[in-house]
Each structure stands twice: as C-alpha cells, then as structure tokens.
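Just so we're aligned, residue 10 is where the sequence shown starts under the numbering used here, counting upward by one.
These are calculated hints, taken from the structure and not from any lab test.
Note that the structure is predicted; figures quoted are calculated from it, not measured.
Idealized CB from N, CA, C, for every residue including glycine.
Take the hints with a grain of salt, since some may be wrong.
Within a straight-line C-alpha distance of at most 27 Å, the following computed DSSO-like cross-link-like pairs (lysine-lysine) qualify [to be verified]: (1) Lys57 to Lys556; (2) Lys81 to Lys136; (3) Lys496 to Lys575; (4) Lys488 to Lys575; (5) Lys74 to Lys599; (6) Lys584 to Lys488; (7) Lys335 to Lys372; (8) Lys73 to Lys599; (9) Lys342 to Lys372; (10) Lys73 to Lys150; (11) Lys575 to Lys599; (12) Lys237 to Lys584; (13) Lys599 to Lys81; (14) Lys342 to Lys496; (15) Lys30 to Lys584.
Pair ranges (Cβ atoms, derived) [to be verified]: (16) Asn273 to Gln535: 43 to 53 Å; (17) Glu241 to Asp334: 16 to 26 Å; (18) Ala545 to Asn228: 53 to 63 Å; (19) Cys624 to Gln28: 32 to 42 Å; (20) Phe32 to Arg165: 39 to 49 Å; (21) Asn228 to Glu603: 32 to 42 Å; (22) Asn228 to Leu375: 51 to 61 Å; (23) Glu241 to Gly430: 39 to 49 Å; (24) Pro240 to Glu91: 45 to 55 Å; (25) Pro628 to Val235: 55 to 65 Å.
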Amino acid sequence: MGILTEGELAPLTFEEIQQYKEFLKTHGIQQFCRHYNKIKDKNYETLKWGDEIEMMMIRLDDEKKSAPLVCKAKDIIGPLTEAENLNPGNTDTAWRPEMTEWMIESSPGRPYGGNIDHFNTVEANMKIRRDELMSYFNDDKERILSLSTYPRLGCRDVFYPPMENKVEENDATRSYCIPDEVLNQTHIRFRKLAEMMTKRKGRKLFRNAPIFRDTNTPNPFIDPDVPKDSPEDIEVMKPNHVHLDSVCNGLGCGCLQTTFQACNVEEARTLYDQQTVLAPIVMALSASSPCIKGYLLETDTRWENISGLCDDRRADELGEVPLIDKTRRRLYKSRYGSVDMYLSEENDKYNDIDIIYRDEHLKILLDEGIDQQLARHIAHLFTRDPLAVYKHMLEDQEMDHFELFNSTNWQTVRFKPPPPGANMGWRVEMRPIESQLTDFENAAFTCFVVLLTRVCLSYELNLAIPMSKVEKNMERASKRDAARQEKFFFRTNLGPEETESRNEEMTMNEIINGGTTFPGLLNVIQFYLSHLDIDADTRCTISQYLKLISARASGEVLTTASWMRKFIRSHPKYKFDSVVSEEINYDLMKMCTEITSGNVQCPDLFTPDLMSKSCRYVPEKNKKMLEEVEKITKNLNGRQTSFFKKQC
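Modelling step: build the complete structure from the supplied sequences, incorporating the hints.
What follows is the structure, given as structure tokens:
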C-alpha cells in the first residue's frame, strides 16, 4: 500500500490538497531529479528479492453455517510488529497494516539474496508467518486464508463482530453495502485514500462486474441489492452486471506481490520491462477470484474490480466533457491499471500507446538531465492528483512529495527508487499475481517469477512485445478460465542478439511448456538450472514448484478460480442462478481451510505427489556458494547465444 508515514499526523482536507497540489507536483518531480542525480551511478549488492501476502481472517461458525470476515487487525498488528520494531532487519517475519480490518500483510523479515538455496526457504517462511498470525487467535473458530477475493464481499452480515451499515455515516465511501467501520483503524492513510478518491471523483466509486450467466440466471439480471432510493447507483448500474460501490470491494482483496532489488538503475529498468510482459501471464495462471458479493462472475481475477473501484477520474478526464483547465489531461486508465510504457532504451520502439503527461513537467525532468524515456514515465505519474497528504509534508521532505504520487499509481509493475538514507537499491514490484490457498502454491509462483527474472538478467533475454499487445493480454487475462481458453501474445525470439520482436498468439501451455515455435519458459529455466551447483533438497523443491506451474499451464490441474467455480456449481444447494449463498460460501471457505492446512488433498489443484523439502534457513555448508547471477554470467557467457539461436 505504499509508505506509511509514522507519528502524529494531521491530514489535509480535500480542499486544502487542491490548494497545494501543483506545489506538491512540482516539488515531487524536483525531488526525484535531485535524488536520481545523486544516486544514478551507484551500484548495490547482488539482486535481492522478497514477497508480500495479504492474509485474510475468517470465522467458521458450524452452527450457523456461516464464514464471516473477522475484523480485528487493529488488535493484532501491534503485537505482531513489536519484535521487528525492537530488532529491525533481524526477524524472520515482517507485518504491515492493510486497507481493511480483516487483512494483514505479511512478508519475510529479511530479503532473500543471490544464493540459489534461498529458494528452499520461501515456503517455510510463509508457514512461519501463517503460524505466527494464528498464535494471536484465541477463538478456535477463527482461521487464516490467503484469498484474493472473499466470495461474499459486499453482502450483508459478512463481518464479525457483526456491524450495522449506516450509509449516512459512511463519509469515506458512501457505500450502501460495506460500512466505513471496516477500513483500517490503525493508520489514517487508508481511510484518507478512500475518502479522497471519492471526493475527487465527485461521486461514489463504482464497478459493474459482468455476471456469469448460468442456466437459471435471470435475463436480464438486475442487481437486486442496489437501493431504489440511491440515484447515483441507479444512474450507472448495468443489466447483467453485479454493482459494486465501495473501494473495499477492490482494495479489500488480497494478492501475492514479489519485489526485486536490482544492482543498479539500468538493471532495474530492464527488470521492469520484463515483468511488464510477464504480468498478464502470471495473473491468468494464478487466477483465484471467480465471485464477489455473492455472485459468480464472468471474470476470474480481482484486477478489473480494483481498477474500477480506484478510478477517481472526473468527467473531463474520462473524455465525457471538455477539459476544464490547462492542468488537466484526458486519462485513458484508472490510477489502478496496467503499465503504459517500457523503461529501458532498447525497448522504446515497442512503446506504441499514448503516454500522457504535462509538457512543463517533462521539461523540468529533461532540464535536470533525466533521459527522455525515464522522464516521460515520471511525468506520466504526475498526471494523477495526490490523495493522502499530511501537513508536515508541505515542507521539502527529501522524497515524500514524489512518493505521494508514485505510491498511488497502482500499476501492474512499480518502479521504486532507493529510499534516501537507506541501504536499499532500485526496486521493481510485480503486483498482479493472485493469492493461492497453500504456502506451497504461493512459494511456487514466487520462485517461478524470481527464476524467470534471473534467467532474463543472466542471459540478457528480452521478452518485450509492442505495449498495445501487452494491453490486449491484460484484457484477456481476467476472463473466465483464461489460462485454458485464451491465447496471449508472446515473443518467440528471446535471445540477446535479437533486435526486433517476433511474437505470436500462443496458448498458456505453449508459453510455459513450449510449442512448435517456442521452447517454453520452463525449458529456458531448466537450462539455466542445469548449469548451477544446487543441493539435492533445493533442486527437489524447485522441481516440484515448476511441476505445479507446468500442470496449471497445461490444464492438467485447475487454477484456484476454476476450482472454486467447479466447487460452487457442484454444491447441492446451488440453483444454477449464479448465486453464492451463505451456506455455499461456508462450505467453500471450510474446504479452503482444510486444503490450506493440508488436511484434505485436492487433486484438482495439485497432485498429491507435489511436496517440497523447504527448510527454515539455508544450511551453513551452502552459504559459501557463489552468487548464482555472477556464476551463470561467468560460466555460460560463451554458450548462451548458441542455445537461444537454436531454441528461441
């Protein structure tokens, strides 16, 4: 959710932000320029990486056959963060508050590094985090799930303790279905984000999610939960769509994020480009959000719902009326959307969609020596307005003004400069991976993405295709059963000597496992791994993770979204009307907790023989291994080109 400012905070009102926003924009750009020119030539340690998972708390009530969300993050986050506050950087776990009271963000206390054996500790660390959070639960009915979207989020009576939703008291969201009371209670930033997006748009935020049309689904389906006395909802709702009216329906969803620290700014720009292409691929492969507000949807991921519910564009920015003044621009996406442009110089030729920015902002950047491509990216960020601003920020606070904008441009991939004064390098954050039920699955997706990153850097591969085709991939990735039913544009010639992209529409199976014109990403990873000195346990664990990714791509096993959809449609109480009732949801959540704990095998999601040998720490005997990035570059420099000429 971005940087959380600590201490006693005095937030600006929406009206005050309007007075200062041009000042904040100018100073934010100047801060970036000053900071960039100070550190642009600095090199950092070998690539580091980590993950973030948002945990959801639920309560299984066997008597009532209900599974409400437990809203008590405010009671847990303090004790959870105490050890890290006392000994920063030296704990196994790290915890952060999230948008809502039923969520807490977990991550490893220390980043993973270049040692290949770190891949064998990821799953074990995820389990440590899950167990640590569970240790703060006194009610034996309470459980933790790493869900992307709670199936009945937006229905009545889905919170514990029970709370009444009084629309007149929902100053931040004006929602008729989710009370503002569930917004995070420990940090004012979260409520301010919701409030300022609503005020900026000039009406409540909304998203019309296409309903899955089953045999008995009404035609047309008109969302029966929309109040007849709410004209702003009636005005925008659509037939055959589920109407969502709270930012909590979006930012109250969870995901699995991976963050990479690059060795320098150029490596970070390369990482950003490769992750941009991979984003829709891993989103489709990890899909786990087939329903919301008690209805099955025609989509399988959370992305479009969040995008709509964070869309604070006004009518002139949407192109519905002329622009009201020279500081405004026509904006083609929500501030929660896909990446718009590549950052590395070699991929500028694939930037074939319009990049919106203000000329005066671009001029500041160019005058300070920022290259044209990076300058356009930074200027583009500043087409958005600041949201959560505090009075102390009006002073020139190193990079605070820049972070106001960078941290609220929620794109599929985020480019993050090193924080001033911290021993941290340039980072790239991959954001669209959906949460999985088990630590094994979450570790598998994390390690898959990290290994692809290592391969791209080590072999100097390039995945870039025209940005317009990445956009089409994003549109397809959210569709129902996209991993099996859709085709995606992907580059077939990855080698470092290739100057122009040759790309084709391929199935997920062809992209991951290989086809007639492409060897498949897993084969490229396997070639990379075959030249590393890996201990037996780590090799076994990685092999099991890649088998899962391969099976999901081939359709041998289902995505979490497809499995959930199958479970719901096979339930004896399901009426084939797209409705996910409280009892169906209870049985689904109960099954999810059984799968998460390992008490139930689920061959639809992963075969029983897939088990890792993950351990808590890298064995002492392996700590002296060469950093794999350095070793692969040294040992394979002469062999990589011939392999990719032949295979790619």
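For each hint, the structure was consulted:
Note on Lys57 and Lys556: the hinted pairing holds, with a Cα-Cα distance of about 25 Å set against a maximum of 27 Å. Our distance criterion of 27 Å between C-alpha atoms is met by Lys81 and Lys136, whose separation comes to about 21 Å. About 22 Å separates the Cα atoms of Lys496 and Lys575, which keeps this hinted pair within 27 Å; it holds. Using a Cα cut-off of 27 Å, the hinted pair Lys488 and Lys575 holds, with the two alpha carbons roughly 16 Å apart.
Between the alpha carbons of Lys74 and Lys599 the distance comes to roughly 10 Å, so the proposed pair stays at or under 27 Å and holds. With a C-alpha separation of about 23 Å, the suggested pairing of Lys584 with Lys488 holds against the 27 Å cut-off. Among the hinted pairs, Lys335 with Lys372 is consistent with the structure: their alpha-carbon atoms are about 16 Å apart, no more than 27 Å. Between Lys73 and Lys599, the direct Cα distance comes to roughly 13 Å. Compliance with the 27 Å bound is thereby established for this hinted pair.
In summary, the hint linking Lys342 to Lys372 is supported, as the alpha carbons are separated by about 24 Å, within the 27 Å threshold. Among the hinted pairs, Lys73 with Lys150 is consistent with the structure: their alpha-carbon atoms are about 12 Å apart, no more than 27 Å. A threshold of 27 Å between alpha carbons decides the hint, and for Lys575 with Lys599 the separation of about 15 Å falls inside it, so the pair holds. Simply put, Lys237 and Lys584 have alpha-carbon atoms about 26 Å apart, close enough for the 27 Å limit, and the pair holds.
Restraint check: the Cα-Cα separation between Lys599 and Lys81 comes to about 20 Å, which is no more than 27 Å; the hinted pair holds. At roughly 23 Å between alpha-carbon atoms, Lys342 and Lys496 fall within 27 Å of each other, so this suggested pair holds. Proximity of Lys30 to Lys584 is assessed by CA-CA distance (about 52 Å); at most 27 Å being required, the pair is judged violated. The hinted window of 43 to 53 Å between Asn273 and Gln535 is violated, with their beta carbons roughly 28 Å apart.
Remark: the range hint 16 to 26 Å for Glu241 to Asp334 is upheld by a beta-carbon distance near 25 Å. Restraint check, Ala545 to Asn228: a C-beta distance of roughly 58 Å satisfies the suggested window 53 to 63 Å. Remark: the range hint 32 to 42 Å for Cys624 to Gln28 is contradicted by a beta-carbon distance near 56 Å. For Phe32 and Arg165, the hinted distance range of 39 to 49 Å is satisfied, since their beta carbons lie about 44 Å from each other.
For the pair Asn228 and Glu603, the supplied restraint of 32 to 42 Å holds, since their beta-carbon distance comes to about 36 Å. Between Asn228 and Leu375, the C-beta spacing of about 55 Å keeps the proposed range 51 to 61 Å intact. A beta carbon spacing of about 46 Å between Glu241 and Gly430 agrees with the range 39 to 49 Å that was offered as a hint. Checked against the hint of 45 to 55 Å, the pair Pro240 and Glu91 passes, with Cβ atoms roughly 48 Å apart.
Between Pro628 and Val235 the C-beta distance comes to about 58 Å, which sits within the given range of 55 to 65 Å.
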